[in-house]
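**Student:** If you want the building blocks of each chain, they are given just below.
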Amino acid sequence: MRRLLFTTIGVVAALVMAVQVGPSLAHACAGLIGSNGAVNLGRTTTLAAYEDGVEHYVTAFQFQGGGGEFGTLIPLPGVPSNVERGGAWTLQRLQLEVPSSERLELASAGFSALTADAEVLLTVRIDALDITVLRGGGPSVAAWATDHGFRLSPDAPEVLEFYAERSPIFLAAVFDGDAAAERGQVIGDGTPVHITIPTENPWVPLRILALGKQPDDRVEADVFLLTAERPALLPLYKPGLTLVHSDAATQSLLDDLRSDDGMGWVPESAWLSKLQIDSSAGDLSYDLAIDASGLSAPSPVAAGLVAPLGTAGLPETATLAGGAILLLVLISSLALRRSSSTSTS
Amino acid sequence: MLRLSLLPFAFAVVLLAIGCGGEPATEPTIAIHYSEFTPAVLEVPVGRPVTFTLRNDDPIAHEWIVGTPDVHDIHRVGTEPFHDERPTEVTIPPLSTLETTVTFAKPGDYAYICHLPGHEAYGMAGTLRVVEV
Chain A
1 MRRLLFTTIG VVAALVMAVQ VGPSLAHACA GLIGSNGAVN LGRTTTLAAY EDGVEHYVTA
61 FQFQGGGGEF GTLIPLPGVP SNVERGGAWT LQRLQLEVPS SERLELASAG FSALTADAEV
121 LLTVRIDALD ITVLRGGGPS VAAWATDHGF RLSPDAPEVL EFYAERSPIF LAAVFDGDAA
181 AERGQVIGDG TPVHITIPTE NPWVPLRILA LGKQPDDRVE ADVFLLTAER PALLPLYKPG
241 LTLVHSDAAT QSLLDDLRSD DGMGWVPESA WLSKLQIDSS AGDLSYDLAI DASGLSAPSP
301 VAAGLVAPLG TAGLPETATL AGGAILLLVL ISSLALRRSS STSTS
Chain B
1001 MLRLSLLPFA FAVVLLAIGC GGEPATEPTI AIHYSEFTPA VLEVPVGRPV TFTLRNDDPI
1061 AHEWIVGTPD VHDIHRVGTE PFHDERPTEV TIPPLSTLET TVTFAKPGDY AYICHLPGHE
1121 AYGMAGTLRV VEV
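Chains as they are written, first to last, in my numbering: chain A, 1 to 345; chain B, 1001 to 1133.
One chain only, chain A, in its complex shape:
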């Protein structure tokens, strides 16, 4: 039987990563050494780059050991035009560029679920990882996961609906444990994946990192952003979200990244931001919206701070109680007006 787990993680989440890398870099990273000299990052790490209307999303999926299959769901801001193996050492190189350090001020901004079957838009196999891109509402994606033998965590209905209201695109990454073992992968080894997403509305899913965790559990992750200009980000201030780097990317970094597999798209110049997440799962109720246009107007909807127009948001009981209270106010108002008119006539 397949191992459950569609619970934990997501994007950034799934992950810590392991990639083939040279010994000197391995030493420099002071990371954990995996099979075949692979280096495992100590934290979940993701690169989200936005260039000419395309979001490049590079993350890694960690092999957690055992046979069978286990997987991760990642909400995406749009339909990917491509999903391929990620650069071999891109995430490690970024960690070398920006060691975790002080806090910076964030750039200030001026500022239903479907029930039909999930539509499979794309499938691709990368090493022992089966990736499926789905279009559907929360229920249909949950049904897809159930049909494929996975059990979702109890917070999944709310989290999937939270995402599906903004974008019905999800990426399911399923590790074939048996295949990973045959490939010599050990616990902690990962597979880097590069997702290319044309979108005018870039955002990085963060809330999904808390999926399957208890409210007091910790979520730790590093998110690197590469944008043409200094981006405006939302939210600005949240417990556990810290901007630790915001500066023009060095030429050496960009040259190094560009020389990695599949990373030829890295521009000649860019702004590098790094955000650290060290949050309780309960506090991580938002995503990261990015406005790289220079207009300083990241979307509060994309950040998950407000619901999209046309979504309910209130539970049925609250609606009922609210209606009843409104009725009470109307009746009371009518009674008082009547009383007032009687006493003055």
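Hints were generated in silico from the structure; no laboratory data involved. Please note that a few of the clues may not be correct.
Chain A side only, calculated, beta carbon under 7 Å to chain B, not exhaustive [unchecked claim]:
#1 H148
#2 L152
#3 E268
Using C-beta positions, here's what the derived DEER-type ranges look like [said to hold, decoys possible]:
#4 A1121/B to S293/A: 51 to 61 Å
#5 F1082/B to G264/A: 30 to 40 Å
#6 R183/A to T1068/B: 43 to 53 Å
#7 E1027/B to V120/A: 38 to 48 Å
#8 A297/A to R1086/B: 35 to 45 Å
#9 R218/A to D1070/B: 27 to 37 Å
#10 R85/A to D1109/B: 55 to 65 Å
#11 V124/A to V1077/B: 24 to 34 Å
Heads up, the beta-carbon is just placed ideally off N, CA and C, and yes, glycines get one too.
Got chain A sorted already, so can you dock chain B onto it with the hints?
**Tutor:** The following block gives chain B in isolation, referenced to the frame of chain A:
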């Protein structure tokens, strides 16, 4: 003299609307949404058949298991993947509604809990108050 005398009526409307007060229910509905039981506290009569409608609005399966603490202790470590043989232990598939009829012989408070992995810790529990009528 319509005026303020309407207020008690209005309060009654409110109470009825939000389902407070009244006789113990013999045909209650328990809804499940975002892995939460609604209502979380429910009063039913002792010694009379009570038909529960269990409505799962979530896209994942849930359980409704009602009983004494020892029953719940068993289910916390149990391995039964599906419950459909005892009226006090029901698996509700995603986006579905089931009915189950139970007669409680003794008054008291009985917890109802979903014992799927992680669900109780997530807060998926309620209290059934079995009362003399």
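**Student:** For the restraint on L152/A, tell me whether the closest CB of chain B is nearer than 7 Å.
**Tutor:** holds (5 Å)
**Student:** Is the gap between the beta carbons of A297/A and R1086/B within 35 to 45 Å?
**Tutor:** Violated - the Cβ-Cβ distance for A297/A and R1086/B, about 57 Å, lies outside 35 to 45 Å.
**Student:** Determine whether the Cβ-Cβ distance between E1027/B and V120/A falls within the hinted range of 38 to 48 Å.
**Tutor:** Holds - the Cβ-Cβ distance for E1027/B and V120/A, about 42 Å, lies within 38 to 48 Å.
**Student:** For R183/A and T1068/B, compare the CB-CB distance with the range 43 to 53 Å and indicate the outcome.
**Tutor:** holds (50 Å)
**Student:** Taking the CB of A1121/B and the CB of S293/A, does the distance hold inside 51 to 61 Å?
**Tutor:** Violated - the Cβ-Cβ distance for A1121/B and S293/A, about 43 Å, lies outside 51 to 61 Å.
**Student:** How does the Cβ-Cβ distance of F1082/B and G264/A compare with 30 to 40 Å: does it lie in that range?
**Tutor:** violated (52 Å)
**Student:** Against the range 27 to 37 Å, how does the distance between the Cβ atoms of R218/A and D1070/B compare: consistent or not?
**Tutor:** For D1070/B against R218/A, whose Cβ atoms are near 35 Å apart, the range 27 to 37 Å holds.
**Student:** Falls inside 24 to 34 Å, the C-beta gap from V124/A to V1077/B?
**Tutor:** For V124/A and V1077/B the Cβ distance comes to about 40 Å; the hint is violated.
**Student:** With a cut-off of 7 Å on the beta carbons, see whether E268/A makes it to chain B.
**Tutor:** Status violated, d = 46 Å.
**Student:** Evaluate the given range 55 to 65 Å for the C-beta pair formed by R85/A and D1109/B.
**Tutor:** holds (57 Å)
**Student:** Close enough to count: is the Cβ of H148/A nearer than 7 Å to one in chain B?
**Tutor:** Status violated, d = 14 Å.
The structure does not agree with the numbered hints 1, 3, 4, 5, 8 and 11 stated previously, though it agrees with the rest.
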